[in-house]
Structures are given as C-alpha cells and as structure tokens.
Amino acid sequence: GEDVEQSLFLSVREGDSSVINCTYTDSSSTYLYWYKQEPGAGLQLLTYIFSNMDMKQDQRLTVLLNKKDKHLSLRIADTQTGDSAIYFCAEGWNQAGTALIFGKGTTLSVSS
Amino acid sequence: EPEVTQTPSHQVTQMGQEVILRCVPISNHLYFYWYRQILGQKVEFLVSFYNNEISEKSEIFDDQFSVERPDGSNFTLKIRSTKLEDSAMYFCASRDSLGSPLHFGNGTRLTVT
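Protein chains in written order, with the working numbering: chain Y, 86 to 197; chain E, 231 to 343.
Only chain Y is shown next, with the shape it has when bound in the complex (with noise of 0.2 angstroms):
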C-alpha cells in the first residue's frame, strides 16, 4: 500500500536552515503536502506542490520534489525558533477518498 517516511528528528540552530526529507512509494499521487503542527495544536498547511512541477519557493519555505526518486524536502531558510514544531509530509490524490496519507512526522527542534 501508500506509505509515506520521514525522518524523525532535526535539530538546528536558530539562524541556520532547515531541511527536512520525505520519501513516498505511490508514484499516481497528485499532490504533495507539508503540514506543521504545533503543540497541543491542529494541522497547519504549510504549502503543497503538484505532482508535475519540480520546486515551489513561499518565502523562507523551498520545496523540491524529485519525482523519479520519489523524494519531497521542505527547506526552511533562516530558522527561527518559532519554527519549532512536527512537519508532516502527506501524498494526496485528485480523488474524494482518502485524500492524504501522512507520513509519521519530524520533529524539528531550534535553538537559539
């Protein structure tokens, strides 16, 4: 079935980049996402990326997707400590079931 990985864990300091892998087995997905989630809080949709396109940059936010590799990466320039949190990758599909298989998250954690 779909399965979606992610590294656990990244510590970084405040000031460097971050970057945070995924790697994902279904190659029909349509879209793919970046989610964060903060303590105690909801998922927050970062930024996503369709299937046919290679990078999209949003700010301090960078998403490079190597389709043939099946490898998605979110890179957060200047991190701040406030980027602290769970970053979950997730695949979707242009579909109205199930949408979105996430991945296990990864913790980032920044300090100053």
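Since the hints were made in silico from the structure, they are not lab data. Check before you lean on any hint, since a few could be wrong.
Pairs of lysine-lysine residues, derived as BS3-like cross-links and limited to a Cα-Cα distance of at most 27 angstroms, are as follows [what the hints assert, rightly or not]:
1) E:Lys287 <-> Y:Lys121
2) Y:Lys152 <-> Y:Lys141
3) Y:Lys121 <-> E:Lys272
4) E:Lys272 <-> Y:Lys152
5) E:Lys272 <-> Y:Lys155
6) Y:Lys153 <-> Y:Lys121
7) E:Lys308 <-> Y:Lys189
8) E:Lys272 <-> Y:Lys141
9) Y:Lys189 <-> E:Lys287
10) E:Lys313 <-> E:Lys272
11) E:Lys287 <-> Y:Lys155
12) Y:Lys189 <-> E:Lys313
13) Y:Lys153 <-> E:Lys272
Place chain E on chain Y using the hints.
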C-alpha cells in the same frame, strides 16, 4: 480567514459510552474528512464524506463509527461504544474541490478511561 472549528477541544468519557465529536467545516467546502492521531503516532485517515454519503473509509472505521451531516453546517463523528484504544486526537478536515488542499481543525482530544 475562514477555518474549520471542532468542539469540544477535549472530551473525557468512560469505556462503553457513546461520544459525538462535532465539526463545522468551512462554509463553501463540499468534501469532509475525519482523521485521528494516537499519541506519538501517524495521522490516520478514518473516513471521507461527499454529497451526503461516505466516499471512502479505512479499516479503522468499523461499525462502531458513524458520520453525519445533520444540517448545512455541522459534520459529526459518533463512536457508539468507546474503547480504551479510541483515545486519540480526532481531526476534522474539509476542502472545496478535489484539487485543493485539506484544511484541518484544531482537533478534539478524546480520552477514554
């Protein structure tokens, strides 16, 4: 910005009791979803709902679970007879079209004792 709202934020119930988790999706959205996240684990799909019927459901969504859209604004998840392993954060989500991302609520933390 419109958002998905869920109530209550935290529900404690005894094993065997029925619970109803409530969600108000974004008003012009047509597709509705429930997900759950057991503490420390993945966010898991439960069910999707469109045009007043279930589109798809996962293996988790057994006969103990049901969903309803009783009026034009609410979307509910009912667990008929709760078990300890139902303890989790339950997220409601909605979207306006198949090509748009899901918008999630802040979740209801269900604790079954």
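Hint check results:
1. For the suggested pair Lys287 of chain E and Lys121 of chain Y, the alpha carbons sit about 25 angstroms apart, so the restraint of at most 27 angstroms is met.
2. Using a Cα cut-off of 27 angstroms, the hinted pair Lys152 of chain Y and Lys141 of chain Y holds, with the two alpha carbons roughly 14 angstroms apart.
3. Proposed proximity of Lys121 of chain Y and Lys272 of chain E is supported: the alpha carbons are some 13 angstroms apart, at most 27 angstroms.
4. Proximity of Lys272 of chain E to Lys152 of chain Y is assessed by CA-CA distance (about 23 angstroms); at most 27 angstroms being required, the pair is judged to hold.
5. Simply put, Lys272 of chain E and Lys155 of chain Y have alpha-carbon atoms about 20 angstroms apart, close enough for the 27 angstroms limit, and the pair holds.
6. Annotation: proposed proximity of Lys153 of chain Y to Lys121 of chain Y holds, straight-line Cα distance about 26 angstroms (limit 27 angstroms).
7. In summary, the hint linking Lys308 of chain E to Lys189 of chain Y is supported, as the alpha carbons are separated by about 26 angstroms, within the 27 angstroms threshold.
8. Between Lys272 of chain E and Lys141 of chain Y the alpha-carbon distance is near 26 angstroms, which keeps this suggested pair within the 27 angstroms criterion.
9. Distance hint between Lys189 of chain Y and Lys287 of chain E is fulfilled; the C-alpha atoms sit about 20 angstroms from each other, no more than 27 angstroms.
10. For the given pair, Lys313 of chain E sits about 19 angstroms from Lys272 of chain E by alpha-carbon distance, which is consistent with the 27 angstroms threshold.
11. The straight-line distance between the Cα atoms of Lys287 of chain E and Lys155 of chain Y is roughly 26 angstroms, inside the 27 angstroms bound, and the hint therefore holds.
12. Restraint check for Lys189 of chain Y and Lys313 of chain E: satisfied, since their Cα atoms lie roughly 24 angstroms apart, inside the 27 angstroms limit.
13. A C-alpha spacing of about 25 angstroms is found between Lys153 of chain Y and Lys272 of chain E, which places the hinted pair at or below 27 angstroms, so the restraint holds.
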